[in-house]
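> Each chain, written out:
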Amino acid sequence: MADRRHRILVVDDVKDWRQTLGGSLRDVGYEVVAAASTPEALEQLEQNEFDLALIDLSLDLSDETNTEGLNIAHKIQRNWPDTKSVIITGYGTPDVVREALQPDKKGRRLIEAYLSKDESENLVEVIDTLLGLVPED
Amino acid sequence: MAKNAPRARILIIDNEQYWISFASSDLAMFEIVVAHTKEQAFAEIEKDNFDLVIASSSCLDILASITAKYRVFVSTMQPTVQEARDAYEQGAWRYITKSFGQSDLVRQVGEVIPIPGREN
Chain A
9 MADRRHRILV
19 VDDVKDWRQT
29 LGGSLRDVGY
39 EVVAAASTPE
49 ALEQLEQNEF
59 DLALIDLSLD
69 LSDETNTEGL
79 NIAHKIQRNW
89 PDTKSVIITG
99 YGTPDVVREA
109 LQPDKKGRRL
119 IEAYLSKDES
129 ENLVEVIDTL
139 LGLVPED
Chain B
10 MAKNAPRARI
20 LIIDNEQYWI
30 SFASSDLAMF
40 EIVVAHTKEQ
50 AFAEIEKDNF
60 DLVIASSSCL
70 DILASITAKY
80 RVFVSTMQPT
90 VQEARDAYEQ
100 GAWRYITKSF
110 GQSDLVRQVG
120 EVIPIPGREN
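Chains as they are written, first to last, in our numbering: chain A, 9 to 145; chain B, 10 to 129.
Worth flagging that the hints you see were computed from the coordinates, not collected in a lab. No residue lacks a Cβ here, since even glycine has one placed at the ideal position from N, Cα and C. Please note: incorrect hints may appear among the correct ones.
[As the list claims (entries may be wrong)] With a straight-line cut-off of 20 Å between C-alpha atoms, the simulated SDA-like cross-links for lysine to any residue are:
| id | chain 1 | residue 1 | chain 2 | residue 2 |
| --- | --- | --- | --- | --- |
| 1 | A | Lys-113 | B | Gly-119 |
| 2 | A | Lys-113 | B | Gln-117 |
| 3 | A | Lys-125 | A | Thr-137 |
| 4 | A | Lys-125 | B | Arg-94 |
| 5 | A | Lys-125 | B | Glu-92 |
| 6 | A | Lys-113 | B | Asp-60 |
| 7 | A | Lys-114 | B | Gln-99 |
[Stated by the list, open to error] Which residues of chain A face chain B? A partial, calculated answer using Cβ under 7 Å:
| id | residue |
| --- | --- |
| 8 | Gly-100 |
| 9 | Pro-102 |
| 10 | Val-105 |
| 11 | Arg-106 |
| 12 | Leu-118 |
| 13 | Tyr-122 |
Work out the full structure, taking the sequences as your base and the hints as a guide.
Below is the structure:
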């Protein structure tokens with residue numbers, strides 16, 4: 009098993025998804041902290057260092073745009089630039105993808121990867137790659 | 010910029026002539042080169058330097074080889090989440106929707122290369 013001494017914040021308002029996503033990452037050795045909302049996520053980020061945040065796109069049912077996860081990613085980029093962000097979602101539009109993945113004038117992207125919840129079986133591979141881990145032979 | 014300075018060069022890779030005409034008109038302040046096929050595109054990319062490439066989303070299978078050398082806008086008639094992801098993951102700078110009305114194309118191109126006559 010690769011050495012996965014990294015801490016990951018999982019942000020999803022649905023308990024089953026927090027457990028599924030967090031469980032997949034804990035099973036391979038990551039330290040995982042879960043948050044169910046933006047305030048909980050920000051509180052965790054202020055108190056702990058995270059190597060990566062895995063963020064559900066649609067976190068707030070009152071948000072008609074279903075893009076609250078991007079707001080968290082913007083705050084992470086601004087306040088915790090060493091923390092990588094990954095969006096995972098069952099929703100999304102091309103405009104959301106643009107905001108998430110389009111480079112700014114400095115060539116920076118808001119997030120490192122944009123995943124569909126249909127592809128959650130690829131989650132560990134994506135996270136391993138983003139955190140620079142190479143599986144042992 | 011000096012009066013006779015060479016114009017920035019844009020390669021458009023597309024086979025939709027109506028859009029090529031529309032985009033070329035919008036971008037008339039640049040030197041436009043058009044490749045209608047992937048083979049023509051590779052020939053142009055090998056032959057000359059460009060300041061920007063605007064490639065149809067039908068070129069996603071060769072996109073990585075182009076983004077390795079140039080900034081690329083990927084253009085599409087019908088944007089989709091999957092196509093946008095694929096484009097950006099292969100290094101696209103922008104994923105734009107083809108427009109035949111009032112176009113935002115010049116503004117977006119201007120974010121990559123200076124618009125002649127508007128430089129400071």
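> For every hint, state whether the structure bears it out.
Each hint, compared with the structure:
| no. | hint | result |
| --- | --- | --- |
| 1 | Lys-113/A <-> Gly-119/B | holds (11 Å) |
| 2 | Lys-113/A <-> Gln-117/B | holds (11 Å) |
| 3 | Lys-125/A <-> Thr-137/A | holds (18 Å) |
| 4 | Lys-125/A <-> Arg-94/B | holds (14 Å) |
| 5 | Lys-125/A <-> Glu-92/B | holds (17 Å) |
| 6 | Lys-113/A <-> Asp-60/B | holds (16 Å) |
| 7 | Lys-114/A <-> Gln-99/B | holds (18 Å) |
| 8 | Gly-100 | holds (5 Å) |
| 9 | Pro-102 | holds (4 Å) |
| 10 | Val-105 | holds (4 Å) |
| 11 | Arg-106 | holds (6 Å) |
| 12 | Leu-118 | violated (11 Å) |
| 13 | Tyr-122 | holds (6 Å) |
The structure fails hint 12 only (numbered hints given earlier).
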